[in-house]
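Given chain A's structure and the hints, the job is docking chain B onto it.
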Amino acid sequence: DTGVSQNPRHKITKRGQNVTFRCDPISEHNRLYWYRQTLGQGPEFLTYFQNEAQLEKSRLLSDRFSAERPKGSFSTLEIQRTEQGDSAMYLCASSSVLAKNIQYFGAGTRLSVL
Amino acid sequence: AQTVTQSQPEMSVQEAETVTLSCTYDTSESNYYLFWYKQPPSRQMILVIRQEAYKQQNATENRFSVNFQKAAKSFSLKISDSQLGDTAMYFCAATGANSKLTFGKGITLSVRP
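The listed protein sequences correspond, in order, to chains A and B. For the first sequence, the working numbering assigns the number 1 to the initial residue and increments by one for each residue that follows. For the second sequence, the working numbering assigns the number 1 to the initial residue and increments by one for each residue that follows.
Among the clues, some could well be false.
Claimed, not checked - Derived pair list, reagent style SDA-like, types lysine to any residue, alpha-carbon separation capped at 25 Å:
#1 K105(B) to T38(A)
#2 K100(A) to A1(B)
#3 K11(A) to S28(B)
#4 K71(A) to A53(A)
#5 K55(B) to E78(A)
#6 K100(A) to T24(B)
#7 K73(B) to Y33(B)
#8 K100(A) to Y54(B)
#9 K105(B) to L60(A)
#10 K105(B) to G40(A)
#11 K57(A) to T27(B)
#12 K11(A) to E68(A)
#13 K100(A) to F64(B)
#14 K73(B) to S42(B)
#15 K105(B) to N101(A)
#16 K105(B) to S87(A)
#17 K78(B) to N67(B)
#18 K105(B) to E83(A)
#19 K105(B) to R59(A)
#20 K100(A) to D26(B)
#21 K105(B) to A88(A)
#22 K11(A) to P41(B)
#23 K11(A) to E83(A)
#24 K100(A) to E61(B)
#25 K57(A) to N31(B)
#26 K57(A) to Y104(A)
#27 K57(A) to A1(B)
#28 K105(B) to Y104(A)
#29 K78(B) to I102(A)
#30 K78(B) to Y104(A)
#31 K57(A) to V19(A)
#32 K70(B) to P41(B)
#33 K71(A) to N101(A)
#34 K57(A) to N67(B)
Stated by the list, open to error - Label-pair restraints from in silico Cβ distances:
#35 E52(B) to R15(A): 43 to 51 Å
#36 G16(A) to T108(B): 28 to 36 Å
#37 N7(A) to A16(B): 38 to 46 Å
#38 I12(A) to S30(B): 16 to 24 Å
#39 G16(A) to N58(B): 46 to 54 Å
Don't read these hints as lab results, they were simulated from the structure. Using N, Cα and C, we set each Cβ at its ideal position, and we do this for glycine too.
In isolation and in its complexed conformation, chain A is listed as follows (with noise of 0.2 Å):
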């Protein structure tokens, strides 16, 4: 058990280019969570998948921000034209039922936008 896994820790990026972060939950979890996490601040929930199903979104994310999780397994967030009120730490965690449902959270990743 390696724990939660998120790639790239940072990214630096000009407004309105794509960028895309992954997830890499612990392995037999089947829920995975994303929040975003702004300075100062607690994390807000974006959206989770149970298994592959994407089963709830918040009204944070605009159409700009897409999530997947293809087969179950990793999954993607996707943001298009960032802006710089994207800036922010975008953190993943991962649950199973028989693990209480606690959510474990990976290191994140620190979006910059310029």
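This is chain B only, laid out in the frame that chain A set:
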């Protein structure tokens, strides 16, 4: 849906002393869970302690314990024998049937040597 409020932005404690971090919450669900997560500087968030709302007994994990007051919707974290490694941001969080976590704004705890 849940809301979580942490009104203290920061606290400081002397090493080896005890500190209590406050949290209040609100929820419309009858079955929910409460958590304290710790986020050290530039490091990932880790679970400190978990409380199931239907359990009256307060959860305890080594030096960490909670005071869960269900009627008052209060969920405070007590850290005994504070250590320098406890310096971090602490987040109170709640989840219900939909399993997504709702976090408070967090509190920055500094442990002084």
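Hints the structure violates: just list their numbers, smallest first. 3, 5, 14, 32, 34, 38
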